[in-house]
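Quick mapping for you: the protein sequence lines, in order, are chains H and E. Just so we're aligned: 316 in the working numbering is position 315 of the first sequence, and the numbers increase by one with no gaps anywhere. Just so we're aligned: 20 in the working numbering is position 17 of the second sequence, and the numbers increase by one with no gaps anywhere.
For the record, the hints were derived by calculation from the structure and aren't laboratory data. Errors might be hidden in some of the hints.
Said to hold, decoys possible - Chain E stretches covered by chain H per the calculated footprint, using a threshold of three residues with CB under 8 Å from any CB of chain H:
no., segment
1, 168–175
2, 196–202
3, 210–216
Quick reminder that beta carbons are idealized off the backbone N, C-alpha and C, glycines included.
Residue-level listing of the chains:
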Amino acid sequence: MKTYLVGGAVRDKVLGIPTEDRDWVVIGSTPTDMIDLGYRQVGKDFPVFLHPTTKEQYALARTEKKIGFGHTAFDFNVSPTVTLEEDLKRRDLTINAIAENHDGKLIDPFGGLSDIKNKLLKHVSEAFYEDPLRVLRVARFHAKLASLGFVISPDTLSIMSEISQSGELKTLSPERIWQEFQKSLASPTPEKFILTLKECGALQALLPEINITLQTLNSLRCSTTLSKETDIRYAALMNDIGNSLLETSKQAKLPNSRAYELEFQSEVKKRFNVPNDHASLAALTCEHHEKMHRLKQLGAEELLSIIESSDAIRRPARFEKLLTVCKAILKNSLKSVENSQINLLSEVLKIVSDIDVKILLQNQPDQEAREVVRHHRLQLINKYIAERSESI
Amino acid sequence: MSTYVVGDIQGCYKPLKKLLKKVKFSKSRDQLWCVGDLINRGPNSLDTLRFLQDMDQSVRIVLGNHDLHFLAIHEGCAPPRTKDTLSELLTAKDCDLLSDWLRKKSLAHYDRFETKNGVEKFLMVHAGVAPMWSVQKTLSLAAEVELSLQGENYKIFLRNMYGDQPIRWHDKLQGYERLRTITNYLTRIRFCDSLGSLRLDVKEGLSATPNGFKPWYEFEKISKSATILFGHWAALDGETGKPKVYALDTGYVWGRELTLMCLENYQRYSITN
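Just chain H, same shape as in the assembly (with noise of 0.2 Å):
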């Protein structure tokens, strides 16, 4: 029994960027054997173990063959004759097939290594075409490795066109959408991700009520820059998409546009399995941005209403992540807004925060106790734009 290191981790070390799971293939080995190792099986119908020690996964060399329509439709061919080069040849991207001995040497049957030389992303075989979640799958690496100059083959990209037409993708779950979805939104370029699969005409068939450009995806740019949280940049990316909706969609459906765009919202959590903190975020930022524009204007009572709407004492982190979000909206918006004006919010809050509700009721027992501290807050929000406006 021979093991070698593989896929992503090998990747990763020859391109010199850090990498998070380290994925290992057994030659010549059964699942008895690998069981009388100490080594434990996951997933009832698929040859992967984890290490007694280490934990990391060690799958059975094997053969793929699709039998059918979809993602899950494939038959596989595990055997102690299984080569390592047959193992490879299944994979999905040359950059991803190539192998590394305990010696540290390389085996690089399809070119690999000069891949990620010439920065190319081009698919290892005809096997590419069993599996539909390839086509997210190499759109996130596109969103990975695009601004380290990495293209895809136009050869690749017209298989991932020919995959996206075939309509398999619909056999995707939406689990498994939301794992590449979310791990490209974690990427340095996750607009990539997005117009990579508008290319192939993926986005189409996932979300055929949307027509989004590089110029629409602005908010989900900068977002990247404020912050590395996915479910800031998925809110952001919501907002974009939102204004990317099909007019005759938006037309034939509601005429208020923000209903419509929180409706859409929501088929697309069903569609994508994206989970509440994202979705909820997204929602929040829908409700509330146009706000943001004009916060200087706003009295006390609109200020103390968008905190209490958006439950923000309650859960201060995620307002802050609003916050971050409206920011990455307004710099694109034309109107300059200065992130100072948001900051304000954050400062309301502070105040609004902070006071002893305890102490505040046991002076006024006679009033409705939310009347009382509704009233106080007021107070203090209003103290503090008068003392902000003075002071500038």
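Fit chain E to the supplied structure of chain H, relying on the hints for placement.
Just chain E, lined up with the frame of chain H:
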């Protein structure tokens, strides 16, 4: 007779006039080379274009990204942007005339003449070139864009000109992707890698150099045979640290200097904002 090259003017007409006066420029005797971005961001784009057009015989101009942007707005092929300062020019009576004149200018200019170092060759572009381009190749690729700008379908080109894709040059590129890529190298490049992959999103100086990338002139092969003159990159402040590669944009419009250089003796003159 002297040949002068001036950095990005960007509508700063008055300092241009002052500089020309300082060197006693004579339009019947001398030549003025402009590295592009004649207009926009500064206050007097209209005066600048009128002045240069009036002495057309004695100027050599390569187009910059702002010049192309003006052409696109004027032809209705792109919307104006908030930071643009082109409205006086766009509403002038002679705007059509100026625009047609500007549209016929080139994207790369080459010449050879006697300097204090003997006969020298010069290649002027607005921003830069791709790593693998020779002088010949640069001129012929620039000519492809020029033909398109001067041809019947120039509006289609102007509409398709915008965008950062494809990110690098390939001899097999075709159509408007090809023209856009040529234009991006000649008028927008700052950082690239050894393959020529562009990072058009980074607009700052060398301290912002992305990992794995370098200023384009670290890769170019042209200065072995010809001196390169370029503008576009104010953050360099006129320094490339490389012989025979001259950065002329010293950011007058951003509160710094306008630079003029005499090509016969490399003497620099400047006006501070």
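Which numbered hints are broken by the structure, listed smallest first?
none
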